[in-house]
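Here's the letter readout for the chains.
Protein chains: 2
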Amino acid sequence: MAAVVNQAMEQIQEMSETLKLLGDKTRLTIVALLKEQELCVCDIVALLATSQPNVSQHLRKLRDGGLVGETRKGQWIYYSLKVEDKPYVRDLIASLPSFAERLKSEKQCCD
Amino acid sequence: MAAVVNQAMEQIQEMSETLKLLGDKTRLTIVALLKEQELCVCDIVALLATSQPNVSQHLRKLRDGGLVGETRKGQWIYYSLKVEDKPYVRDLIASLPSFAERLKSEKQCCD
DNA sequence: CTAATATATAACAACACACTTATATAATCA
DNA sequence: TGATTATATAAGTGTGTTGTTATATATTAG
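Chains as they are written, first to last, in our numbering: chain A, 23 to 133; chain B, 23 to 133.
Take the hints with a grain of salt, since some may be wrong.
Copies of the same chain look alike in the list, so a pair counts if it fits in one copy or across any two.
Result set (DSS-like, lysine-lysine): computed pairs, CA atoms no more than 27 Å apart in a straight line [claimed, not checked]: (1) Lys-42 with Lys-126; (2) Lys-42 with Lys-95; (3) Lys-129 with Lys-47; (4) Lys-83 with Lys-47.
These aren't lab readings, by the way, just hints derived from the structure by calculation.
It should be emphasised that the depicted structure is a prediction, and the values quoted were computed from it without experimental measurement.
Kindly produce the complete structure, drawing on both the sequences and the hints.
Here you go:
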């Protein structure tokens with residue numbers, strides 16, 4: 023019984039850490055953008071209208087939390103969602119508003 | 023278009039506030055307990071093994087965020103989940119571990 | 001090789017948050 | 001009524017977090 027509770031508490035601990043990552047407006051917006059397509063840092067900076075270091079630091083937290091992955095493509099580093107595991111995050115992201123239109127019309131960096 | 027984005031940003035703002043509430047181990051545990059049944063404050067204090075003011079303050083935040091409701095029953099105030107709206111919260115809570123067994127064996131307050 | 005561009009890291013200031021202790025309010029019980 | 005129990009609120013402390021500015025690293029272009 024105690025083992026069951028400990029396992030449950032570990033699971034809650036892990037979920038709460040993930041939810042804390044998503045419980046920030048800037049990071050949740052980044053996640054909503056990445057839902058549509060992978061993006062490089064300069065894309066995100068342009069779309070969010072905040073500083074490049076701010077975006078970088080949020081991306082690092084998302085990466086450390088296992089929510090995004092990165093791939094360097096030459097000069098640029100592309101970030102993408104990594105939530106195939108964690109079904110509850112997948113569902114949550116599905117219910118985020120879509121920025122598809124905005125990305126189509128405004129994406130202009132690193133083409 | 024700007025209106026669409028503003029609406030999306032408001033939605034993200036609201037979701038991030040809700041997720042921030044859930045992104046705390048103590049509060050997420052409270053929510054997991056309430057998933058099983060309504061509970062009074064003394065129940066939660068006993069199950070969480072933390073101080074009564076700490077639980078009270080977390081419950082207030084959950085209430086202010088619209089995630090729980092309260093009902094006084096004589097000396098006790100019972101809290102319960104209020105997430106019928108907010109489908110993404112409902113789904114998320116569904117994937118929290120169950121404390122049903124623990125509640126059955128350990129609930130002893132306010133009977 | 002040098003300059004320019006993209007990204008990351010470091011240091012710091014401002015603020016927010018969780019938890020504690022002490023106290024207040026509200027309801028019941030004797 | 002006074003004592004007890006349940007809950008809320010207030011104030012304070014320590015810690016964590018966000019965003020900024022300055023700087024470092026890495027890649028490409030000329």
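Verification of the hints:
1. Lys-42 with Lys-126: Neither: 30 Å inside a chain and 30 Å across chains, both beyond 27 Å.
2. Lys-42 with Lys-95: Answer is neither: 30 Å inside a copy and 33 Å across each miss the 27 Å cutoff.
3. Lys-129 with Lys-47: Result: close within a single copy only, 21 Å intra versus 37 Å inter.
4. Lys-83 with Lys-47: both (14 Å within a copy, 18 Å between copies)
The structure shown violates the earlier hints numbered 1 and 2.
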